[in-house]
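S.K.: Numbering (the UniProt record's numbering), first residue to last: 1 to 366.
Hints were generated in silico from the structure; no laboratory data involved. Nothing here was measured: the structure is a model prediction, and the numbers come from that model. Treat the hints with caution; some may be incorrect.
Capping the alpha-carbon separation at 30 angstroms, the derived lysine-lysine pairs in DSBU-like fashion look like this [as the list claims (entries may be wrong)]:
no.: 1; residue 1: Lys76; residue 2: Lys50
no.: 2; residue 1: Lys303; residue 2: Lys262
no.: 3; residue 1: Lys12; residue 2: Lys234
Derived Cβ-Cβ restraints for the label pairs, each shown as a range [said to hold, decoys possible]:
no.: 4; residue 1: Val162; residue 2: Arg7; range: 50 to 58 angstroms
no.: 5; residue 1: Gln231; residue 2: Lys38; range: 25 to 33 angstroms
no.: 6; residue 1: Glu225; residue 2: Gly65; range: 32 to 40 angstroms
no.: 7; residue 1: Gly302; residue 2: Pro95; range: 17 to 25 angstroms
no.: 8; residue 1: Asn247; residue 2: Pro3; range: 23 to 31 angstroms
no.: 9; residue 1: Pro101; residue 2: Gly300; range: 25 to 33 angstroms
no.: 10; residue 1: Thr40; residue 2: Glu104; range: 26 to 34 angstroms
no.: 11; residue 1: Tyr239; residue 2: Leu294; range: 39 to 47 angstroms
no.: 12; residue 1: Gly150; residue 2: Ser245; range: 19 to 27 angstroms
no.: 13; residue 1: Thr248; residue 2: Ser331; range: 31 to 39 angstroms
Every residue gets a Cβ at the ideal spot worked out from N, C-alpha and C, and that includes glycine.
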Amino acid sequence: MKPYFTRILPIKALQRIYPSRFFQLENCSLSELWNADKETEHMLPSPESKLGNLIHKLIDQVVRGTIKDLVGFENKFDEELEGIEYLWFEKHLIPLRRNIPDFEVKRQHCLNRVKEILNEKRVTSPVGEGKFRRRNGSNVWLESQDLLIGGYIDEINQFGPVLRIIDYKSGSVYDRDKNQLKAEYTTQLKLYAALYYDNFQTWPDELIIKQVDGNEIRVPFSQDECLALFQQAKNKFYYINQLISKNTDASKLATPSPANCKYCTYRPVCNFYHQNMEDISTEWAKVDLYGTLLEREALGNGKERILLQAKNKYYYIRGVSSRHPALNERSLTNIRIYNLSRDTKSNHFMENNTTTIYIDNPQVNR
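Sequences are here, hints too, so could you generate the full structure?
M.R.: Okay, structure coming up:
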């Protein structure tokens, strides 16, 4: 099947719960199961995520000692940036630096953080899964005694009597709506604290989120809430895998809501999202439309304006480029368009650099 046709994705059992992903698993188990499956591709572009993953990867190499100086970092940054793999709906994001408005600002913050790490000279060797446990250092792998929970901790250090667990973040750490630390990050660090206690019977004194500009944010915690979260994660592991083993209806794994679906990159293949999404005036999506393609009009700038009928309403989308392979299909009726921007008139929209078009496959979407 061509990649731009909607399709059914497989659902596989969890192998382990990672602290960095548990918050998402709690919010919508279905999307996180797809994310945990390395063979499952994301369905929508996220240029900021690509840059964030690159920055995190390179900072980790600096901490490990693989990159030893600033020149080496800058060379590696440019090399890795050129080597990023792009899926069919991401090709137009090349070069990435032109598709992220604050690219150079983020790059400079990253350089500043690298300078700080190099000056600290606290580089240690990495230890992978299954190796002996370390109490401190960088990129420390810890797993629970029952092997259900595990993950790499960016840094564990101790200055005098103060034991600190630190997690590096390259993007925004505050919830854009509530103006407080993102719950997914605080949950991650609290699970790290419980993992540390599970391994060494000692609690960290501080949990720290460290941004690429060097700013440190302390995450408050209690031992009881960390242990409760630890047990909650284990219970979730058993619950999800039991549902999967019994071939339970996938609806028990999905939790469609505006907060869970709005930025999910699996929206094109999630029927539960489409069944629950209300009118586009709500907060369900960035603006996703699906319906019948009625007209295509060529514009003077080489792009198109298309007319779509959805739920007995008519929508105009302008600035549609030729980068969408779905539009090359001869027999084209029902389509799904994701990540549109609102235009100046009601029911009028525009393409942006994350807009993606899929063809509705009635054999799997009904």
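S.K.: Is 25 to 33 angstroms right for how far apart the beta carbons of glutamine 231 and lysine 38 are?
M.R.: Check passed, 27 angstroms falls within 25 to 33 angstroms.
S.K.: Is lysine 303 within 30 angstroms of lysine 262, Cα to Cα?
M.R.: Holds, because 27 angstroms separates the two Cα atoms, which is no more than 30 angstroms.
S.K.: Okay, glycine 150 versus serine 245 on CB: inside 19 to 27 angstroms?
M.R.: 21 angstroms, holds
S.K.: Within 26 to 34 angstroms: is that where the Cβ-Cβ distance between threonine 40 and glutamate 104 falls?
M.R.: 33 angstroms, holds
S.K.: May I ask you to test the hint 23 to 31 angstroms on the CB atoms belonging to asparagine 247 and proline 3?
M.R.: 27 angstroms, holds
S.K.: Given the range 17 to 25 angstroms, decide if the beta-carbon distance of glycine 302 to proline 95 lies inside it.
M.R.: The hinted range 17 to 25 angstroms holds for glycine 302 and proline 95, with Cβ atoms some 21 angstroms apart.
S.K.: Given the hint of 32 to 40 angstroms, is the C-beta distance from glutamate 225 to glycine 65 inside that range or not?
M.R.: Taking Cβ atoms as reference, glutamate 225 and glycine 65 lie about 35 angstroms apart, which means the hint holds.
S.K.: Compare the distance between the alpha carbons of lysine 12 and lysine 234 with 30 angstroms, and conclude whether the hinted pair is satisfied.
M.R.: The hint holds at about 17 angstroms.
S.K.: Are tyrosine 239 and leucine 294 spaced within 39 to 47 angstroms by their CB atoms?
M.R.: For leucine 294 against tyrosine 239, whose Cβ atoms are near 46 angstroms apart, the range 39 to 47 angstroms holds.
S.K.: If I claimed the Cβ atoms of valine 162 and arginine 7 lie 50 to 58 angstroms apart, would that claim hold in this structure?
M.R.: For arginine 7 against valine 162, whose Cβ atoms are near 51 angstroms apart, the range 50 to 58 angstroms holds.
S.K.: Hint check: lysine 76 vs lysine 50, CA-CA at most 30 angstroms. Holds or violated?
M.R.: This hinted pair holds, its Cα atoms lying about 16 angstroms apart.
S.K.: Could you see if the CB distance from threonine 248 to serine 331 stays within 31 to 39 angstroms?
M.R.: 36 angstroms, holds
Figure legend: structure checked against the earlier numbered hints; every hint is met.
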